[in-house]
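Visitor: Below are the chains, spelled out letter by letter.
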Amino acid sequence: MPDTPSHPPEHSELSEMDVRVRALESLLTEKGYVDPAALDRIVEAHEREIGPHIGARIVARAWVDPAFKQRLLADATAAARSLGHVSRVGSHLIAVENTPSVHNLVVCTLCSCYPWEVLGLPPVWYKSAPYRSRAVIDPRGVLAEFGLTLPPETAIRVWDSTAETRFLVVPMRPAGTEGWSEDRLAALVTRDSMVGTGLPKSPAEAA
Amino acid sequence: MTNSIHDMGGMHGFGRIAPEADEPVFHDRWEGRVLALQRAMGYTRLWTIDGGRASLEALPPLVYLASSYYERWLYGLENRLVQHALVDADELAAGRALRPGVRLNRKLTAADVENVLTRGDYARPAAAPPRFRVGERVRTRNINPPTHTRLPRYARGKLGTIEAVRGCHVFPDSAALGHGENPQWLYTVVFSGRELWGEEADPTLSVSIEAFEPYLVAA
Chain V
1 MPDTPSHPPE
11 HSELSEMDVR
21 VRALESLLTE
31 KGYVDPAALD
41 RIVEAHEREI
51 GPHIGARIVA
61 RAWVDPAFKQ
71 RLLADATAAA
81 RSLGHVSRVG
91 SHLIAVENTP
101 SVHNLVVCTL
111 CSCYPWEVLG
121 LPPVWYKSAP
131 YRSRAVIDPR
141 GVLAEFGLTL
151 PPETAIRVWD
161 STAETRFLVV
171 PMRPAGTEGW
181 SEDRLAALVT
191 RDSMVGTGLP
201 KSPAEAA
Chain F
1 MTNSIHDMGG
11 MHGFGRIAPE
21 ADEPVFHDRW
31 EGRVLALQRA
41 MGYTRLWTID
51 GGRASLEALP
61 PLVYLASSYY
71 ERWLYGLENR
81 LVQHALVDAD
91 ELAAGRALRP
101 GVRLNRKLTA
111 ADVENVLTRG
121 DYARPAAAPP
131 RFRVGERVRT
141 RNINPPTHTR
151 LPRYARGKLG
161 TIEAVRGCHV
171 FPDSAALGHG
181 ENPQWLYTVV
191 FSGRELWGEE
201 ADPTLSVSIE
211 AFEPYLVAA
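Quick mapping for you: the protein sequence lines, in order, are chains V and F.
Each residue of the first sequence is one higher than the one before, starting from 1 at the first, in this note's numbering.
Each residue of the second sequence is one higher than the one before, starting from 1 at the first, in this note's numbering.
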């Protein structure tokens, strides 16, 4: 160990966590339970490969291909797997469609269940007590904090992910995108629009 | 545990949502390592995903609330490792192995990682046809088991409608206890906001849960 501390004297809780996790990893490696190369690969996949761009491609295809959308709404796992560039979709994925009369919102009140294969790991707010507690009782208040105010007559449907089924919201296609390519449309599809806490970008916002 | 702090639906007082612009996948290196350790140890099949959830729910409420998400994962993993006699408490304290490891049936290698990057399939063959049909009215049971369940408190004893039959799935209440998969039919059950929250609730609100057949009775 060096003589001088590697952290400032008032070092944070996070650096203590870093030390603790490094110790656990070396303990489990010494015990022969984990392979650090496998851990590296898991981290790399989550940092570089798995993210909301995957879900955005699925939504964009649904916007341009009505037959695909029907298949997606009937069996999202099978439909997503049929897209050659979406390889890692697990079982029990369910797509729910926003319409002018119904807006869908996804939550996991009990933990953090989230369709991470198509959206990436959930953001901190999704796993936080404020979101988990309020989404089911005060969804309009929650949406307002995301800057989203829906017409009062739009019904809100909240999906609590209490089993191994996972929900992907298919938002409505923005106006003014007639004739757009799938790639261009995918760039409008935000993560939050596929959770229900946001809407896709408008053409003006994407410009 | 069931009636524990993790069951947050409908609670007040936690404040505003705080979305973070351009949030990184991990805020610190250790978070990614905890996720990876969790996945790698899950691959050993020494416990189930529900056993993992139960270990988080068993954290003392004040620890649960004061901890970040990945801190909870770490504490739950450490507790599970000790409970399954994979490591001893003195080794956790020392931060190194004091004894040889036990032999595992499965160990995750880098080449196998692709397999843990796709979620598993929890559907299982059914022993009997589903008891409820789409459109049927059901009431959730008022259960309060001291062990793991996926029926949230806010949706117990409530009148709802079967909206979809999702197949026959591993039953978390059994799997978390190590009592086997005990597959049960899984339904999407939808409730009106007023059924859940009373007459003053938003009349345009409906909320669904994914409910296993043992949680339901015909209404």
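These aren't lab readings, by the way, just hints derived from the structure by calculation.
Model, not experiment: these values are computed from the prediction.
Backbone N, C-alpha and C define an ideal beta-carbon position, used for all residues, glycine too.
Misleading hints may appear alongside valid ones.
[What the hints assert, rightly or not] Calculated lysine-lysine pairs in the DSSO-like style (CA-CA distance at most 27 Å, straight line):
#: 1; chain 1: F; residue 1: K158; chain 2: V; residue 2: K127
#: 2; chain 1: V; residue 1: K31; chain 2: F; residue 2: K107
#: 3; chain 1: V; residue 1: K127; chain 2: V; residue 2: K201
#: 4; chain 1: V; residue 1: K201; chain 2: V; residue 2: K69
[Stated by the list, open to error] These stretches of chain V come out as covered by chain F in the derived footprint (C-beta under 8 Å, 3 or more residues):
#: 5; segment: 33-42
#: 6; segment: 46-55
#: 7; segment: 123-134
#: 8; segment: 137-150
#: 9; segment: 169-179
Visitor: What are the numbers of the hints that this structure violates, sorted from low to high?
Guide: Hint 9 is the one this structure does not satisfy, whereas the remaining hints hold.
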